[in-house]
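Visitor: Which chain is which? The protein sequence lines are A and B, in order. Position 271 (the first sequence) corresponds to 271 in the numbering used here; numbering is contiguous. Position 119 (the second sequence) corresponds to 119 in the numbering used here; numbering is contiguous.
Just so you know, these hints were derived from the structure itself, not from any lab. Fair warning: there could be bad hints in the mix.
What the hints assert, rightly or not - Here are the simulated DMTMM-like pairs of lysine to aspartate or glutamate, each with C-alpha atoms no more than 25 Å apart in a straight line:
1) A/K271 <-> B/D95
2) B/K92 <-> A/D118
3) B/K92 <-> A/E210
In case you want the letters, here they are:
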Amino acid sequence: MAAAKLRIVEVTLSMLLPARTKGGLPASVIEQNQYSPPEGRAPRVLLIVPAYNEARSLPLLLDQLTSHYPDYEVVVVDDGSIDRTAEAVRRTRARLVSLPCNLGIGGTVQTGFRIARDEGFDIAVQVDGDGQHPADQVHLIVNAVMQSGCDIVIGSRFLGGAGFKSTPLRRIGIQFFSFWLSAMCHTRITDATSGFRAYNARALNLLSVEYAEDYPEVEAVLMAHRFGLRIGEVPVHMSERSAGVSSIGSLRSVGYMLKVSLGIFMWAIRKIRTT
Amino acid sequence: MHANGHALVFTTALVVFLFVLWLVRQRHIGERFAMLWLVLSVLMLLASSAAYPYLFKIASLLGVPYPPSALFFLAIAGLTLLIIELFAWVSKLNDRTRVLTQQLAILRERYELHPMRKGK
């Protein structure tokens with residue numbers, strides 16, 4: 001007990017903050033440019049569930065995740081919820097990491113990336129706490145990461161099949177960003193804003209230190225491409241959120257478009273230093 | 001500039017300079033920002049005293065017919081740079097806070113919420 005306390009005291013600011021290169025990114029990200037999938041053992045998979053005031057939808061989602069995927073570890077990152085989200089998680093087998101203050105979706109998901117990286121997981125999957133992401137299709141994107149050689153695999157609503165495909169206005173925005181990302185990444189991306197994604201250790205190494213605070217999905221794809229990561233998509237069926245409201249309201253949509261467009265522009269012109 | 005106006009600018013610059021020194025002494029402001037404000041207040045002191053005659057030359061070099069306008073332009077440009085520097089610093093602090101918040105939550109989960117993990 002005393003040893004544990006002492007160890008917390010010994011964690012200094014410089015240890016917590018990553019060592020930075022001149023280009024602004026940790027040297028470790030740039031140095032590790034090869035990822036070898038595990039041989040002879042099942043991959044360790046972490047399901048990251050970012051949650052903000054999702055006490056109503058979380059129990060069902062977590063039950064589904066733990067029953068469908070008993071071998072996967074589930075961590076809920078509570079982004080400073082003011083409802084009973086933490087209580088709801090504690091009643092399940094999932095781990096709970098509670099952020100002391102609200103960081104937004106980017107910082108919340110990135111907390112999961114850090115856990116996955118620090119604890120040596122081979123693959124991490126983001127599954128949103130609102131119930132939109134299909135809990136029974138996680139294996140599709142996990143398998144795709146394992147078999148395709150892609151570093152990031154996006155679960156796409158638009159690659160075929162039925163399911164909820166967002167409102168017409170949002171679909172226009174999604175198609176706009178998908179078009180730009182496809183052109184800039186030289187690969188077909190149909191669902192640029194989907195957060196239902198699987199990442200391998202190489203991608204986690206990068207995203208755990210560099211991930212946009214707000215609306216990070218689109219930027220993350222372009223950034224990953226610029227760092228030489230491979231991105232793929234598999235079709236999934238999504239459903240409407242089971243409870244709560246989206247973080248992107250109608251008024252925020254304009255801000256969303258502007259911010260994400262700026263993010264794309266910044267990553268398009270940003271100099272990537274690899275030495 | 002009228003002598004009273006001249007004295008007002010000089011006094012203001014002196015007050016800013018002394019106020020920044022007091023803030024540094026009381027540890028209310030870090031050296032990083034104190035340095036910027038001290039440099040700015042020294043420039044103001046110079047502009048309102050020894051360098052005042054040169055203001056006319058600077059104004060004519062800038063193509064500004066009214067010298068006080070040149071002073072306003074230089075002041076606004078300086079303040080804009082300060083604000084940009086402040087935004088850059090806030091962004092850096094924001095990044096650090098985010099990392100610390102994440103690490104705090106991770107450590108808390110590791111050491112408090114999962115008693116079995118303690119001492120690992």
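Visitor: Taking the hints in turn, state whether each one holds.
Guide: Evaluated hints:
A C-alpha spacing of about 20 Å is found between A/K271 and B/D95, which places the hinted pair at or below 25 Å, so the restraint holds. Restraint check for B/K92 and A/D118: the C-alpha separation of about 23 Å stays at or below 25 Å, so the hint holds. Of the pairs offered as hints, the one joining B/K92 and A/E210 holds, with about 13 Å between alpha carbons and a cut-off of 25 Å not exceeded.
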